[in-house]
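Given chain A's structure and the hints, the job is docking chain B onto it.
Residue strings, one per chain:
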Amino acid sequence: MILLSLAYKSLLSRVVTFSLTVFAIALSVALFLGVEKVRTGAKASFANTISGTDLIVGARSGSVQLLLYSVFHVGSATNNVTWQSYQDIAARDDVEWSVPLSLGDSHRGFRVLGTTTAFFDRYRYREGRGVEFAEGQPFTDLFDAVVGADVAVELSYQPGSEIVVAHGIASFTEHDDKPFTVTGVLEKTGTPLDRTVFVSLEAIEAIHIDWQGGGRSQNTISAQEVREMELTPKAITAALVGVTSRLRIFGLQRWVNEYPEEPLLAILPGVALSELWSLIGVAETALIGVSAMVVITALLGMVAMIFSGLNERRREMALLRAIGARPWSIFLLLTAEAALISLLAVLLGVALLYTGLFIARGYIDATFGLYLDITWPTAREYLVLVSVVIAGTTVSLVPAMRGYFISLADGMQMRS
Amino acid sequence: MSAAIDIKDAAFTWRGKANFSLSISRLEIPAGERVFLLGESGSGKSTLLSLICGINCPDRGSVSVDGVDLGQLPASQRDRFRAENIGVIFQMFNLLPYVSPLENILLPLAFSPPRRRRLSDPRKEALRLTAALGLSEALVVQADTTELSIGQQQRVAAARALIGKPRLIVADEPTSSLDASAQKDFISLLMTQTEQVGATLVMVSHDSRLASQFDRSLELTDVAEITRGAA
Numbered sequence: 098m099i100l101l102s103l104a105y106k107s108l109l110s111r112v113v114t115f116s117l118t119v120f121a122i123a124l125s126v127a128l129f130l131g132v133e134k135v136r137t138g139a140k141a142s143f144a145n146t147i148s149g150t151d152l153i154v155g156a157r158s159g160s161v162q163l164l165l166y167s168v169f170h171v172g173s174a175t176n177n178v179t180w181q182s183y184q185d186i187a188a189r190d191d192v193e194w195s196v197p198l199s200l201g202d203s204h205r206g207f208r209v210l211g212t213t214t215a216f217f218d219r220y221r222y223r224e225g226r227g228v229e230f231a232e233g234q235p236f237t238d239l240f241d242a243v244v245g246a247d248v249a250v251e252l253s254y255q256p257g258s259e260i261v262v263a264h265g266i267a268s269f270t271e272h273d274d275k276p277f278t279v280t281g282v283l284e285k286t287g288t289p290l291d292r293t294v295f296v297s298l299e300a301i302e303a304i305h306i307d308w309q310g311g312g313r314s315q316n317t318i319s320a321q322e323v324r325e326m327e328l329t330p331k332a333i334t335a336a337l338v339g340v341t342s343r344l345r346i347f348g349l350q351r352w353v354n355e356y357p358e359e360p361l362l363a364i365l366p367g368v369a370l371s372e373l374w375s376l377i378g379v380a381e382t383a384l385i386g387v388s389a390m391v392v393i394t395a396l397l398g399m400v401a402m403i404f405s406g407l408n409e410r411r412r413e414m415a416l417l418r419a420i421g422a423r424p425w426s427i428f429l430l431l432t433a434e435a436a437l438i439s440l441l442a443v444l445l446g447v448a449l450l451y452t453g454l455f456i457a458r459g460y461i462d463a464t465f466g467l468y469l470d471i472t473w474p475t476a477r478e479y480l481v482l483v484s485v486v487i488a489g490t491t492v493s494l495v496p497a498m499r500g501y502f503i504s505l506a507d508g509m510q511m512r513s
Numbered sequence: 044m045s046a047a048i049d050i051k052d053a054a055f056t057w058r059g060k061a062n063f064s065l066s067i068s069r070l071e072i073p074a075g076e077r078v079f080l081l082g083e084s085g086s087g088k089s090t091l092l093s094l095i096c097g098i099n100c101p102d103r104g105s106v107s108v109d110g111v112d113l114g115q116l117p118a119s120q121r122d123r124f125r126a127e128n129i130g131v132i133f134q135m136f137n138l139l140p141y142v143s144p145l146e147n148i149l150l151p152l153a154f155s156p157p158r159r160r161r162l163s164d165p166r167k168e169a170l171r172l173t174a175a176l177g178l179s180e181a182l183v184v185q186a187d188t189t190e191l192s193i194g195q196q197q198r199v200a201a202a203r204a205l206i207g208k209p210r211l212i213v214a215d216e217p218t219s220s221l222d223a224s225a226q227k228d229f230i231s232l233l234m235t236q237t238e239q240v241g242a243t244l245v246m247v248s249h250d251s252r253l254a255s256q257f258d259r260s261l262e263l264t265d266v267a268e269i270t271r272g273a274a
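First to last, the sequence lines map onto chains A and B.
The first sequence maps to residues 98 to 513 in the working numbering.
The second sequence maps to residues 44 to 274 in the working numbering.
Rather than coming from a laboratory, the hints here were simulated on the basis of the structure.
Everything numeric in this text was worked out from a predicted model, so none of it was measured.
Do not take every clue at face value.
Mimicking DMTMM-like on lysine to aspartate or glutamate, the simulated pairs with C-alpha atoms at most 25 angstroms apart in a straight line are [what the hints assert, rightly or not]: (1) A/Lys-285 to A/Glu-229; (2) A/Lys-106 to B/Glu-180; (3) A/Lys-285 to A/Glu-325; (4) A/Lys-331 to A/Glu-299; (5) A/Lys-106 to B/Asp-109; (6) A/Lys-106 to B/Glu-83; (7) A/Lys-106 to B/Asp-187; (8) B/Lys-167 to B/Asp-187; (9) A/Lys-140 to A/Glu-284; (10) A/Lys-140 to A/Glu-299; (11) A/Lys-285 to A/Glu-224; (12) A/Lys-331 to A/Glu-372.
For reference, chain A alone in the conformation it holds in the complex:
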């Protein structure tokens, strides 16, 4: 007890080096835990990109590829699903609902998604959260459009803005004869929806009706004339499907995969998401590795501080010996100092982390769509904290041993 209080007072007397050392370790601990939080937050956000959908159906390719283009809007579909096949699936009695998705066009760098208004009711993310309208309402007219939060902010759109859809994903040909009017803006979701322009399936059909093979045909059809025409699509890119009972998911999946008319693929979004995450997961290991190195560096800094203090503290150690301290007491004194430093650093590190989280959480959610949960440290995080204290105390055994031998050799006089 006396050693602990001596260690504490001795540290206070060296307040500058002491607090810098504590701060360095605290920062490294906060960084490590922060990386851990961001990692689990990113993983959760990612896994929560789409929920409530039982199956995603598309043309046969790979499951990750289908997930990438249908949900993340990355890359393109190699093939389409015919409207007839989609009707067959939608009509099955184990299908409770289905939402068709038609991709392929873009608007100033943002993907245009042709779908039905059911999309806004059925799409779920982050544990069942639904899509909300920040302004306006879903599309009702043929040439109405709804934009995601990022689209609205970056292009400063609001209900009433007029937009022109471009043909293809990176193209200079525009469907400028058939402009759309924005009717609604979605709330920020932190999912690819934020960067999407939504129109009706019929609108996708309408803007392509006078196009043939990637170019506009000679006989143009005006926006007025197209309203009179039959606008049922011939094909869609993919479909989100909900089943009546979870037990029937696998049965339906098998049925779709064995669909005789056309090669199709049905995937479970959760499975495909974790498959995709395992590809990205290498980066998280690297992140953990780097932040662990930072913690180790900070602890080595502490050992260096104790080592460099040993020589100027030989008088102090000799004095303690004269008073009756044993060499082991000197050893314990130095170890207690390191333990105190590590403990304070860990506590400060946790405080820094939570302060940082409280301040930055809203900003991070709004800017990156990354939702960081503020919870008590997990068992894994407690383990990290305890490990830092133990590691700090353990590495200090080296300078403490040196202090032991110095005090054994010096006795009660400092001999040079």
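Structure of chain B alone, referenced to chain A:
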């Protein structure tokens, strides 16, 4: 009653750096005596004190303090023996700078529970000692140890050596950093208090003028034989 210090046929050689050995055929100091040891630096006084305090053990012969042969005790018990029975005052740097003067005085008690038990109220005893040594309570309780003058530091160190009634007070040039008038005052205060707690006092100094205040004065060269160089 056994002698406070009894050294018989003891020899000690420092290992390592310099070849320096000290041998003492006989040194006996009765309990309660106040002894002055005159010795220049390099006369082996540090070595002698480290033997008396049980920091080092003689290679042969015996060093007994209060009837206990220190060479027979394991290292940890020698440390405990020192904590319990011996108060040490050095020439300078006697105090831990990061605790208050009062905490410095009470420190030996933390290392020796028996010494602590001899006192009903350690704080009161510390203040009694410092008052007797001419230090104000405010200085002892409130001042920063680093603010004390050298004379004040030495008196705090004396109080620390005396607290808990140790059997033996060892002072190693305690007055060498003080001016002449302060030296006399310090020594007489130290003597009075040593007598009060009933301890034996051994003081080593190179300054023969101080010898007159003691019961007995010895020259270290008469007591100990020093050998240097190749062993």
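These are the hints, each one checked on the structure:
{"no.": "1", "hint": "A/Lys-285 to A/Glu-229", "result": "holds (9 angstroms)"}
{"no.": "2", "hint": "A/Lys-106 to B/Glu-180", "result": "holds (22 angstroms)"}
{"no.": "3", "hint": "A/Lys-285 to A/Glu-325", "result": "violated (36 angstroms)"}
{"no.": "4", "hint": "A/Lys-331 to A/Glu-299", "result": "holds (10 angstroms)"}
{"no.": "5", "hint": "A/Lys-106 to B/Asp-109", "result": "violated (35 angstroms)"}
{"no.": "6", "hint": "A/Lys-106 to B/Glu-83", "result": "violated (37 angstroms)"}
{"no.": "7", "hint": "A/Lys-106 to B/Asp-187", "result": "holds (13 angstroms)"}
{"no.": "8", "hint": "B/Lys-167 to B/Asp-187", "result": "holds (19 angstroms)"}
{"no.": "9", "hint": "A/Lys-140 to A/Glu-284", "result": "holds (21 angstroms)"}
{"no.": "10", "hint": "A/Lys-140 to A/Glu-299", "result": "violated (36 angstroms)"}
{"no.": "11", "hint": "A/Lys-285 to A/Glu-224", "result": "holds (15 angstroms)"}
{"no.": "12", "hint": "A/Lys-331 to A/Glu-372", "result": "violated (32 angstroms)"}
Going down the numbered hints, you'll see the structure goes against 3, 5, 6, 10, 12, while the others check out.
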